[in-house]
Each structure stands twice: as C-alpha cells, then as structure tokens.
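J.: Letter by letter, the chains look like this.
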Amino acid sequence: MNANLTVLAPELILAGAGMLILLAGVAGKASQRLAFALVNLGLVAAAAGVIAVGERDDGPFFAGMIQLDRFALYFRLLFVVAALLVCWLSRPFLLRAGRNPWEYYALVVFATLGMAFLASGVNLAGLYVALELMALSSYILAGYYRGEVKSHEAATKYFVLGALSSGVLVYGLSLLYGAFGTLSLADLSQRLAQGPRSVAATAGIFLLLSGMLFKVAAVPFHVWTPDVYEGAPTPIAAFFSVGPKAAAFAMLLRVLWAGLAPASPDWRVFVSWVAAATMVWGNVAALTQENVKRMLAYSSIAHAGYALLGVVAGGPLGTQAVLFYMLAYTVTNLGAFGLVVLLASKEYAGEKVADFRGLARRQPLAAFAMLLFLLSLGGIPPTAGFMGKLYLFAAAVHAGYAWLAVVGVIMSAVSLYYYFRIVREMYLSGGEGTDGLPILAEAWGVRALVVCAVATLLFGVYPTSTLDFLAPAANIWPW
Amino acid sequence: MEFFTNLLNVICYVPLLGALFIIFLVPKENTKAIKLWATLFAGADFFISLALWFAYDPNGEPFQLVYKKPWIPAIGAQYFFGVDGISVLLILLTTLLGFIAVYSSYTAITHREKEYYVWLLVLQTGMLGVFMALDFVLFYVFWEVMLVPMYFLIGVWGGPRKLYAAIKFFLYTLVGSVLMLIGILALYFYNSTGFALVGLPGLGNPPTFDVTELMKIAPSMPFSLQKWVFLAFFVGFAIKVPMFPFHTWLPDAHVEAPTAGSVILAGVLLKMGTYGFVRFSLPLLPEASRWAVPWMVALAIIGIIYGALVAMAQQDMKKLVAYSSVSHLGFVMLGMFALNPQGLSGSLLQMINHGLSTGGLFLLVGIIYERRHTRGLSEFGGLAKVMPVYATLFMIITMASIGLPTLNGFVGELTILLGAFNRNTWWAVAGATGIVLGAAYMLWMYQRVFFGEVVHEENRNLPDANRREQWTLIPLVVLCFWIGLYPKPFFKIMEPSIRRVVEVVDPGYLKAPVASLPAPEAKRQPEASPAAGE
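Heads up: the protein sequence lines correspond to chains A and B, in order. The first sequence lines up with residues 3 to 481 when you count with the working numbering. The second sequence lines up with residues 251 to 784 when you count with the working numbering.
Next up, chain A with everything else stripped away, as it sits in the complex (with noise of 0.2 Å):
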C-alpha cells in the first residue's frame, strides 16, 4: 500500500488551516483581521502545497483512494484559487453584515478540502465521503443568515434534497458493490467491459448518476438550486456556483470515463437529453428573474448544461473542453456574482436587476466590469466565455452530438437577452434622480474583482498556455 503522508499535503495544510481557524474563534480572539489572514495564509499555502506535491505516477495512494494526476493538480488548484476569491469577495460582505467570519471562512475551507478529495479520488466510497465533507459544509453556509426565514429555506430545501440525493447516490453505490464487488473506478471499468451486466448494475448506474446529476444542479435534479442561492449570502451564492459546481464536474468526468466507460452507450443518450434539457430549462426560466442572484442561479444551470456537452461527447477533445470551461466560468461568475456582493447591500436589498440602473454613468469601470462578465456568461468573444464555448461546441460537433451543439448555440442566444437586461439598465436606462444603488470601492472584493476582469479577458484573448497545460489532464484515460 502506497500511503505516503507527503503527497496529502495541500489536504493537510486545508484540515489544518480550518481547525486552526475554528480553535482560534473559541479562543476569542475574534477579529476580522485575523480571521482573514488566516484563511488566505491556508489557501495560500494549501495552492503551494498542490503545485509541491504536483504529478505523481508512482499512484493510486492509499489504498486505490487517490489518484495525483493531471487531472486533480489541476482542479485542485482551481478549487482553491476559487475558494481565496470567494474569501476576498466574503470579506466585505462579513465586515459590512458585521458578523462572526471564524466559522464562515472555516466552512469554506472544509468544503474546499472536500472539493479537493473530489478530484483525486478513484474509489467511489471515497468519493462519496469527500463529497458529504463539501456538501455538509455548503447546507451550514447556505444558511448562515440565522436570523433570516429566506435563508433557513435555503438551507433546510438544501439539506433536505442534498440527502436525499446523497441516498440515492449511495443506493446506486451499493447496487453497483453488490454487482461487481468493487468500488474502484479501474476495476469497475475492467469488469463493466467484461459482458453483459444485470439489471441491478445498470440501475445503479443510473442512480449514482442521477445523484450527481443534482450536484451540478441539471434539469431536472436542479428545482433547490433558485432557492439556495436567492436565501444564502451572496458570496456564498458565488462559491456554490463556482466550487461545488466545478467539484460535481470534476467527480462526473472522472466517474463516467474512467469507471462507466463501457456503458456509455447507454448513459450517453441519458446524458445528452439532460444536457439539453438543462440547457433550455435553466436559459428559458432564466428569463424573467427580476432578481440577480435567482438570474445568475437559472444562469448557472444553463450553464452547467453546456458543460455537459463536453461531458456526454467526451474524448481528450470533451474532457479539456469541461476543464477549461469550468475555469472561464469560475472567473467570470465570481467577478458577476462579485459586482452584485458590492452593490450596495444589505441582506436582501440590492439584488434587483433595477438596482444596477445608471451605473455606467457613475461607475464607468464597475459597470464596464460587469458588462465583460455577461459578455462571457453570454459566449461572446473577446472572452474566456466565448473560448469556453467554443471549444465545447467544437467537442460536440466532433463526437457527432451536432443537435446538441445547435440547442446550446440557440440558447447562448437566448441568454443574452437577460445578461442584457442587466446591461440595458446599466448604460441605456435611467437618468438623473432614477439611478439604483453604487458599487462599493472595498480593497478585498474590488482585488478579486480585478483578478477576474484580467483573467476574463486573458484567458479569452490568449488560451494557449491554459490549453497546453490541459492537453495531458485530458489524456488521462483510455479513449
């Protein structure tokens, strides 16, 4: 058994860094500042660590649990630079709401540290715990707002369908145990490709499937995801669709392609109506939110709905497809989801598409901002939305999935009316004595702002050290 301490290490600095934070807001030594340096020192640290410990090829660790390829440097790394610019982003929220953030930013480092065994591991027992530590995290933070009804929602419809999918996920991994006696990806594969398979592997299958098919938040598993994000905290909105989201993904490639591989012929056809369903569904309803945060929710099933595109077309053209979608969409939803924490607000005021009213008149930069983000929600170029999409488009098209890539190009259109709807009000609404609510200049979210404007534009002008760099995470598996 390959049990070498060592490789664990950004998952150590993260358990360590999030007990530390916990034991120091017991002590009483609370204070904002503190509590913030903490947090970054750790996700700082933990980003060392990953990029230290990097490739290993001498794996599985631990007992077949984990995997340290490309594949998981790579959305580790993503996982916790998201996590550091949820935190900036938090920081300002927390002061302004004047609440306790050792907790808060505890959980976010839990949930990364979930996040983080999420893309490395290869056994599904490990996957499923990895995937409570995160979810478990995410339905507390969900409902931080304690003294709020809206948010005791979104966090009890959170936990209430999060288990029960989380049930129904272990259903479908007990099923699938009882089949094949294993729960190792590698095996599961080589045993799936041996013939043909009982009835109650395939249902197992398809539960597992359906089970995280809830995490990414696709139609028709996706009904909390409105809700959850309209009650949580808007920071904590952000994290859910950026983490959790790109964490689900991570999982799902790996749980399809390299341990259902030899059933794809049948989940693909699942995979590809859900994708379309999704697709329609989280764009159509998208359309009449007067609310951001329900908008940038039914946005980001939309979304997630592109991104399984490349999933069902798969291939190293699939899998980089998603790995560098996953990154343009974590940089461009948090710097959305960041203009509206800055808005002006306080628990639930300032989350109207009407509060943005006149704001390129006031702010010009901030407004601009915002405009290149829903430029790259939208897909349109000069943006890393824009490449994202293209490449998962171009997937599509490659395996053969052209009707699908069509419903994703119509209904990228049809975004764009309500990304639209928010840039009407910023530059062509309004006039004096009619505005909505001013962004606040706050150092902290104003950096992460600035980090996700650059890497918005970056990775849509330039990708091609992104793209070389995922070449080989995509390779990871036998096509």
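Source of the hints: derived by calculation from the structure; they are not laboratory data. Take these hints with a grain of salt, some might be off.
[What the hints assert, rightly or not] List time: in silico DSBU-like cross-link candidates among lysine-lysine, alpha-carbon distance up to 30 Å:
{"hint": "1", "chain 1": "B", "residue 1": "K742", "chain 2": "B", "residue 2": "K318"}
{"hint": "2", "chain 1": "A", "residue 1": "K354", "chain 2": "B", "residue 2": "K418"}
{"hint": "3", "chain 1": "A", "residue 1": "K354", "chain 2": "A", "residue 2": "K152"}
{"hint": "4", "chain 1": "B", "residue 1": "K569", "chain 2": "B", "residue 2": "K635"}
{"hint": "5", "chain 1": "B", "residue 1": "K318", "chain 2": "B", "residue 2": "K418"}
{"hint": "6", "chain 1": "A", "residue 1": "K354", "chain 2": "B", "residue 2": "K364"}
Given the coordinates of chain A, work out where chain B should sit on it, guided by the hints.
T.: Here is chain B on its own, set in the frame of chain A:
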C-alpha cells in the same frame, strides 16, 4: 516589430488605439477634444487605408499583405490577416464611412459624447477585422465583437424605440452567427478528425481554421454535408444582409439608430453578410451554392420587389431609405447568385454603391432631422427653395441610388442585370422591375420633400446645409460620379479575385466555349465605355 509594420494590422487597430486614447487621456467634459481626437484617428485610418489601393496588386497572389502567426495552436487557430480584391474595396468603404460617421456626429450627439466616440471607434476596428480575417476563429471573433458597440450606439443614442430596436438587432444577428459557428466547426472537423459518433471520417489533415487551406479541400466535401454547412452559413449571412424573410430587424435598427449608426449599419454592416457569401459560401461550398441558386435568386427577387413596394408606402424618410436597402441588397444577392463574373463583379460594385448612396441618404435625412426633429414626408415640401445646396446634394445621391447613367448605381445595376440575364432572362426582367419601382419611390419622396410650395411655416427659415455637413457628403458625391463615369479601376481591382471565385463555384462557366469568346467582355462594353477609349 513586424506586427506594427503590417499595413492591415495598422489599419485595423488605429481606431481601437484612438478609442483607448480617448478613454484614458481625454476628460469626459472636454467634448471638443473628444470630437477632435476621434476625427483625427478615424481620418488617419482612412488616409492610411488609401495605401491599400496602391499596395494591393490585382494580378499578384490571391491574398496579399498577409500577416500570419499561430494563435491557439491546440486547435489550429491562427492570427491570420490578408486581403484580396474583394476585401480591399470593402475596407476602403469602411474606413471612409467610419471617418464620415465620426465627422457627421458633432451636432447630432449631445450627451455622453465620450462613450459615443469610443464605441464608434471600437466598432470600426471590429468591422475592419471582419474584412481582413482569413482564419475562421479570428473572423468569428471580430464578427461578434462588433455587435456590442452597435448595440450601444442604437440603445443609448437612438430614437424613441431604441431599447427594443437595439436588443432585436443584437439577438437577431447573434442567432444567425452562432449557427454559422456550427457550420464552421463542421467544416473544421471534416478537414481534420471527422465526426466520431456518426462514423464519418475526416480527411485527417492537421486541424486548421485557415480559410485559404480549407478552400483547397472543402469543394471535395460530400454534398450531403456541404448542404448543411451552407444552410448554417446562410442563416448567419442572410440575417446580416438581410435577405427576405430575415429582414425584419433592419427597419427597426435603421430607424432608431442615430444618423452615424444608420450610415455604418447600411454602409458596412449589411455588406458583411454579402461579403460572407462571396468569401466563404461560394468558394468553400460550390456544389451547395449551385444547388441553392434557385432558392437564393427567388429570395433575392422577392426582396427586391417587396422592399421596393414597402418603401413606397412609407411616410417616414428614414424608414423609406431602410426598406430601399432591403431592395438594393436583393440586387446584390441576385448578381452574386448568377455565379458568373459579370454578376459577381456587379454585385460587389453594388455593395460599394449602396454603401455610398444609402450612407449618403441617411446623412441627408439626419441633417433635416436635426433641424426639424421629424422625418415625416408630409412635414416637408418646397425645401428646394429654402435649402438649395441641400436639395442639390440630395438630388445627386437620390439619382445615384436610382441608378441614373453617369452615376454609380447605374453601372452596378447594369452589370448585375447582365450577369442575371446570362443565366435566365426572367431574373433580369424581375430585377429590372425593381429598378422601376426604386425610381418611383425615390422620386416620389424627393418630390414631396423638395418641390411645391412651402406649406409648413417652420420650414420657411431652415438653414441650408452648413460647411461641415456639405463636407460629409462631398466625398460620397465625388465617388458616385467617379464610379459612374470611370468604374474601370474598381473592376480591375476585383476582377482576378472574382474570377477565382467563379472558377471554383462554376468551373464550367469560364471553360464553356461561349465564355472563351470575348463575349462577356463585349457585353460589358457599354458601362466601361469611357475606358474603351484608352
């Protein structure tokens, strides 16, 4: 650095540079300086682009002034600029109209000037990039980038229904272009790795979006696939042109846009659709293009007649000009899908002509709108006495639009009709009907606005076109006469490029015995007659 010495790069990015300069160095309140700098950059761009006229050698390589660098090697996308005779003319048209658009906006735009000129300049870079890009990804990037500034131009500085018009324009053209993207991807994978799931193998070439490379292999593509790619391209380009029945965004966008926006829309943006057909659909998908001819011609003719009839019923001058665009662009499409050298060169020349005359008409309507804040035909009458210079300029541009001999419209329409006649007599007959209708609505408009007595008191003291306004129109008038009297240099620049397109799309045409005789040349004599003397 090589990048900065390439003429095309310079032409494409000077406007963007101007936009950045204004954003960072000119304060919002100093509107005078903003106008000055915007005009300087747009003007400099125009004068630099004149060098193209001399730098491009019609008898040289198919694509010249090439600048080519790897951009995203993983998928074979390149940063690839290059021009042929077709794009040279359209680039010149773009820089000229861009310059005029900036210069004509001084008094029309009275709020948020800084943003306005910045978007106008960004738009200019986007349009120029479209005509220069020879890599599909790069082309698509410019094609879409350009939508955003246009959205703002209509949405912020437009008329009463600007919000509706802006988003309609945006979404309409976006739907077309995203479908085009699917067509591009199909072409791309046909050339390289094929389509995995449906078991259609590709050619196995290294993946590339290089248009010149794809031109070599695409004609061999199986017809079943060509047809689909053609349809995908068709939606993208036909919406932009716009061809009947995809034209409904155009009247809204044209009418609501500020004057300069309308000039750019009519003058350049519509040409991007027709340019797409000539540059991509015809040479890449010859078999499907031939298959589509009856449909395309039918739509073109419907467009010609329908546009003209609707124009005739308009009470709003701007709307009338907008619908006349539908009709004129029908002509361009008719000539193009005659698929012979006359038709295509007429079509290309008519693109230029339409840019000049319709751009001019929008400028003229804008001038009167600034004075009266109405464009209703019934609000005017007898203006010839009040504004003689304005009336003269209006007359010349009107005549150019109708196609009066000695003016540019005549040459273009005649060449198109010759090309159409060569294919099918009835096409030419239908097209000619459109000319008659065109004369009817234009002259009728002219008569109602300029002749008769001055019936509205407020029209009695309208100031004539001032010097700046005259200068926005004089270049257009000069070009109208130039093309009308001596079109040969224009034909000469486009001829070899057009011939290359015809060679691919209808190889039989040039080889046919009738074409090897000097017959087509002889047929073009009338309009080239001034040239015949040399």
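J.: Taking the hints in turn, state whether each one holds.
T.: Tested hints:
About 27 Å separates the Cα atoms of K742 of chain B and K318 of chain B, which keeps this hinted pair within 30 Å; it holds. Using a Cα cut-off of 30 Å, the hinted pair K354 of chain A and K418 of chain B holds, with the two alpha carbons roughly 23 Å apart. The suggested pairing of K354 of chain A with K152 of chain A holds, with an alpha-carbon distance near 16 Å, which does not exceed 30 Å. Distance hint between K569 of chain B and K635 of chain B is fulfilled; the C-alpha atoms sit about 25 Å from each other, no more than 30 Å.
Proposed proximity of K318 of chain B and K418 of chain B is contradicted: the alpha carbons are some 36 Å apart, above 30 Å. About 28 Å separates the Cα atoms of K354 of chain A and K364 of chain B, which keeps this hinted pair within 30 Å; it holds.
Taken one by one, the earlier hints fail for this structure only at number 5.
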